[in-house]
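S.K.: With the hints as a guide, bring both chains together as one complex.
So the sequence lines, in the order shown, correspond to chains R and D. For the first sequence, the positions run 1 to 117 when the numbering used here is used. For the second sequence, the positions run 1 to 115 when the numbering used here is used.
Read the hints as simulated data drawn from the structure, not as lab findings. Keep in mind the model is a prediction, meaning the values are calculated, not measured. Glycine residues also receive a C-beta, built at the ideal position from the N, C-alpha and C atoms. Errors might be hidden in some of the hints.
Stated by the list, open to error - Sample of chain D residues at the chain R side, in silico, Cβ under 7 Å:
#1 R43
#2 G100
#3 T107
#4 G108
These are the residues of each chain, in order.
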Amino acid sequence: GAVVSQHPSRVICKSGTSVKIECRSLDFQATTMFWYRQFPKQSLMLMATSNEGSKATYEQGVEKDKFLINHASLTLSTLTVTSAHPEDSSFYICSARDPRGRGETQYFGPGTRLLVL
Amino acid sequence: GENVEQHPSTLSVQEGDSAVIKCTYSDSASNYFPWYKQELGKRPQLIIDIRSNVGEKKDQRIAVTLNKTAKHFSLHITETQPEDSAVYFCAASISLTGGGNKLTFGTGTQLKVEL
Chain R
1 GAVVSQHPSR
11 VICKSGTSVK
21 IECRSLDFQA
31 TTMFWYRQFP
41 KQSLMLMATS
51 NEGSKATYEQ
61 GVEKDKFLIN
71 HASLTLSTLT
81 VTSAHPEDSS
91 FYICSARDPR
101 GRGETQYFGP
111 GTRLLVL
Chain D
1 GENVEQHPST
11 LSVQEGDSAV
21 IKCTYSDSAS
31 NYFPWYKQEL
41 GKRPQLIIDI
51 RSNVGEKKDQ
61 RIAVTLNKTA
71 KHFSLHITET
81 QPEDSAVYFC
91 AASISLTGGG
101 NKLTFGTGTQ
111 LKVEL
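With the rest of the complex left out, here is chain D (with noise of 0.2 Å):
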């Protein structure tokens, strides 16, 4: 099955920079990577997603970027904030027979923004 590794585990930036968590996928015929935000105790959010036949897409401060040959995705956020604090889960996801698809996460990366 489809293996997801994601690095770094914790991650600690200044308000004001910029963080990037990157992650591999094992499964070539995985094709839908979403991103989730979850903070502590709640539902992870959806953030952003991107196709596999799209190398980049952004949304204000947030982008992620897909080299579908290494098998890498990664998420980009400029300008953090306070708020941006929480843990990211990167996910890839295959297509099922009969339709619909499957999530595997990375393991989540615990981002710290400090004033």
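Bound-form chain R, shown alone (with noise of 0.2 Å):
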């Protein structure tokens, strides 16, 4: 399958402050990427789609303002939480579409696991 990275993998920051995740796809070009919370034993929520080139479509419940995202470049897509607070402390995973084939299959990251003190 194919290969997308997440970076970093782990991450402690202080309430307040912001912090920005790194998605990239190694070997294929995704013209979409999705960003996920997981909480502990709990399911993927979509959080947003990323479109390159063009606004990342949110879901429902999540702010767009605390929530940036950016999809710059086809194999790079980053999520920053603006000033973190403890509640936005959580198991984010991106995935990225793969454009070839049917071009359905969605390929994830290894997450990051942020911890707001």
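M.R.: This is how it looks when you write it as structure tokens:
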């Protein structure tokens, strides 16, 4: 399958600071990437769909001014958690849609565990 | 929007037995159904998928069946091994306007294969 990387794998920050997470597709060009959040022992909840060269589409209830998404190239999308608070602590996972073949398959990055103190 | 329900939430089987996980979806427009395996602290890994024009697909010990009329699909793992222990997520996909698709995930099944 396709390879998606994510950086950093783990981050601890103070309340009120901002954290940037990078998601890269390594062996294919991804016009669409997705950002998910996963709380312990829960499912993956889609936060937003990131489209290269255009604004991200946010799911209902996700604050676009708090979770800034930038998809500036076909291999890189970034998620910035602004003014992070302890309730933002979670496992953030990106995925990239592989356009080859039928273009439906999503491959996931390894995730970023965010802890806000 | 799409709603995906998954059962059971936990499943414990003896090594060598079969395991079955079932999912239902609500939107008849969903047309792609992947299954992911996630080990603790790791990324979800695609293990098998099925499209709406197919009723069954098999890959070695893993098979998926789809009943479009009833809007449910199932994952079957035969001859389970300890390394099959993980959380399994089903998902249903709807095509997006302009191309691409969006996944809605089930709530997950914690599978434990006991020796």
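S.K.: Taking the hints in turn, state whether each one holds.
M.R.: Hint-by-hint comparison with the structure:
At a threshold of 7 Å, the smallest CB-CB gap from R43 of chain D to chain R is about 4 Å, leaving the interface hint in force. The closest approach between the C-beta of G100 of chain D and any C-beta of chain R is roughly 5 Å, which is under the 7 Å cut-off, so the hint is satisfied. At its closest, the beta carbon of T107 of chain D sits 5 Å from a beta carbon of chain R; the interface hint therefore holds under the 7 Å criterion. Taking 7 Å as the C-beta cut-off, the interface hint given for G108 of chain D holds, the closest approach to chain R being about 5 Å.
The structure is consistent with each of the numbered hints, conforming to all of them.
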